Amino acid sequence: MTDSKGELTKGGGLEDDVPSDVPAGGPLVEVRDVNKHFGELHVLRDVNLTVERGEVVVVIGPSGSGKSTLCRSINRLEPIDSGSILVDGKPLPQEGRELARLRADVGMVFQSFNLFAHKTILENVTLGPVKVRRERKEEAEKYALELLDRVGIANQAQKYPAQLSGGQQQRAAIARSLAMRPKVMLFDEPTSALDPEMINEVLDVMTGLARDGMTMIVVTHEMGFARRAAQKVVFMADGQIVESNTPEEFFTNPESDRAKDFLSKIITH
Amino acid sequence: MELSDLFDFGPFFDNFDAILDGFWATIRLSLAAGVLSLIIGTILASFRVAPVPVLRAAGTVYVNIVRNTPLTLVLIMCSLGLNDILALTFSDDSGTTYYWWAVLGLSAYTGAFVCEALRSGINTVPIGQAEAARSLGLTFSQSLRMIILPQAFRAVIAPLGSVFIAMIKNTTVATAASYAEVVTQMKTLLDLPSFTSGAIPLFLGVAIGFLILVLPTGYFFGWLAKRTAVVR
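Top line first, the protein sequences correspond to chains A and B. Residue 0 is where the first sequence starts when you use numbering that gives the first Met the number 0, and the numbers rise one by one after that. Residue 0 is where the second sequence starts when you use numbering that gives the first Met the number 0, and the numbers rise one by one after that.
Check the hints yourself; a few may be wrong.
To be verified - Result set (PhoX-like, lysine-lysine): computed pairs, CA atoms no more than 25 Å apart in a straight line:
| id | chain 1 | residue 1 | chain 2 | residue 2 |
| --- | --- | --- | --- | --- |
| 1 | B | Lys225 | A | Lys158 |
| 2 | B | Lys186 | A | Lys118 |
| 3 | A | Lys118 | A | Lys89 |
| 4 | A | Lys158 | A | Lys182 |
| 5 | B | Lys168 | B | Lys186 |
| 6 | A | Lys182 | A | Lys136 |
Stated by the list, open to error - Non-contacting residues of chain B with respect to chain A, defined by C-beta distances greater than 12 Å in every case (computed):
| id | residue |
| --- | --- |
| 7 | Pro10 |
| 8 | Asp16 |
| 9 | Glu115 |
| 10 | Ala129 |
| 11 | Glu130 |
| 12 | Met145 |
| 13 | Thr171 |
| 14 | Thr183 |
| 15 | Phe209 |
| 16 | Val230 |
By construction, these hints were calculated from the structure, which means they are not laboratory data. In this text the structure is predicted, and so the values were computed from the model without any measurement. Even glycine gets a Cβ: it sits at the ideal position worked out from N, Cα and C.
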C-alpha cells in the first residue's frame, strides 16, 4: 500500500524533489484503534474510522464526545497515544518536514477561521501554494482569485480578515485550504462560531465541494447538511464511535439509545 | 560657592565640539547595538519557543544569566576580560576595538530584554494562527517567520521602544568599558585641572542632549505601534 510512485501532481507547479507516495485505490483516511488522553480524561477510546475517496463523512455527537479531537488528530494537530492513523495509505509521520508535507495535502477549516490577521485575504490564500508548494506567485494568485470567486468573495481579496463578516472569513478560510489542492478536507465545527444568517452561505460552499467529489470529514451540528451532503454519519459519545450509518438510516432509525437520546434532544428544540 | 557658578555655561560652550563628538559616539553605539540586540533578541525568542528542548533550555539559561547580571559587569568583562586579558581584538586600533566590544556587550545584554518583550508578544498571537500555519504545511521556522513573529513584533513595538530607550541611556555605562562616549567626554572635561566652574551647566547640557535623543525615539515607537497594530 505504501509503494512510491512519482506522481504528477493534481495542480500545476507543485513538483517536489521527493516524489509523493500515492498508492492507487484504498481508503483515503484510516483511523485504527486510536486512543488519546487529556490527563485523566480518556477522550478517544479505540476509535476506528475509514473514509473512502470522495466520501463525505459527518461526525456528530454531544459536546465533549471527542469529535473535534478526532478531527484534529487526523492531521496530527493533536498527537495520539496509541493506535495508528493512515492518510492515503501512509501512517502519520512524527513532527517535522515529513509531517508538514502531509499536512499540505490535508486541508483544515477551523471553528474560529484562523485567517492570518496581518495578511490580506489574497495573501492568506496564496501563502501556502507559494511557500509550501513553491508555485509561482502569479499562478497562485490566479488560482486564488478563482477560488475566492467560487466561494463568492472575490471582491474582498484585498481586505484584511477583520474587515470581513464571520461567514466571509470562513469562506476565505475554505478557499485558503482549497488552494493547496488537498486530497481531503477536515472541517472542525465550521459554522459553530457564526451568526445564524451566515451559516447557510458557508454550508452552501461545503455542499458544493461535496458535490464536486471532495473527500470531507465534517464535525458539525448541522443535521440538514448531514442529510444533504454526507454519505456516512458517525455518531460519537464519550470518546467512542457509537454508531456509523448512512444519514437516512441514522436519522430515521438510530440503533443505540445514546443516539436516540441525542436526536430527540435536537429535534425537540 | 557663588550663585554664578550654577549658570556658568562658558565651559559647556567652550567644549561644545568635544561634547558633540561624545554624543556622536553615543549615537553610533546606540544604532549598532539597537540593530544587533534586535537580531540577538529575535534569535533568543525563537530558541525559547522552539520545539527542541535543548534550544529552549539554551535560550532560558542565556536570558536568565545575562538579564540578571549588571551591565557594568558585562561591559567590563568585554573590555578588560575578553579584550585586554584574552587579547580578543577586532582591530589594531584600540578605539575601534573598544567600540565593537561595547556594541557587543550592550547588545548581548539588551538582547535578553528584547527576547522577553518579544516572547510576551508571541503569547498575544492566538494559538489558532500557528495551527492554521501548520495545517497548511508550513514548517515550524516558516510559521514562526511568516505568521507568528510578524504579529508578535507588532504587538510589542511600544514595549520594545522602552527597551531601546533604556538601552540608549545604558550606553553611558560603556564609559566603564573604555569606550569614549559622551559621559566619558564629560568626565574628562571635569577632571581637567583647568576646569574650575560650570559643572552643573555641563551636566544639564548632557542631560538635555539625552532628552533630544530619547524623546523622538519614544514618539517614533508610539507612532509605529499605532500604525502597524494588527486588527483582530
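Are there hints from earlier that the structure breaks, and if so, what are their numbers? Failing hints, ascending: 2, 3, 4, 10, 11, 12, 16.
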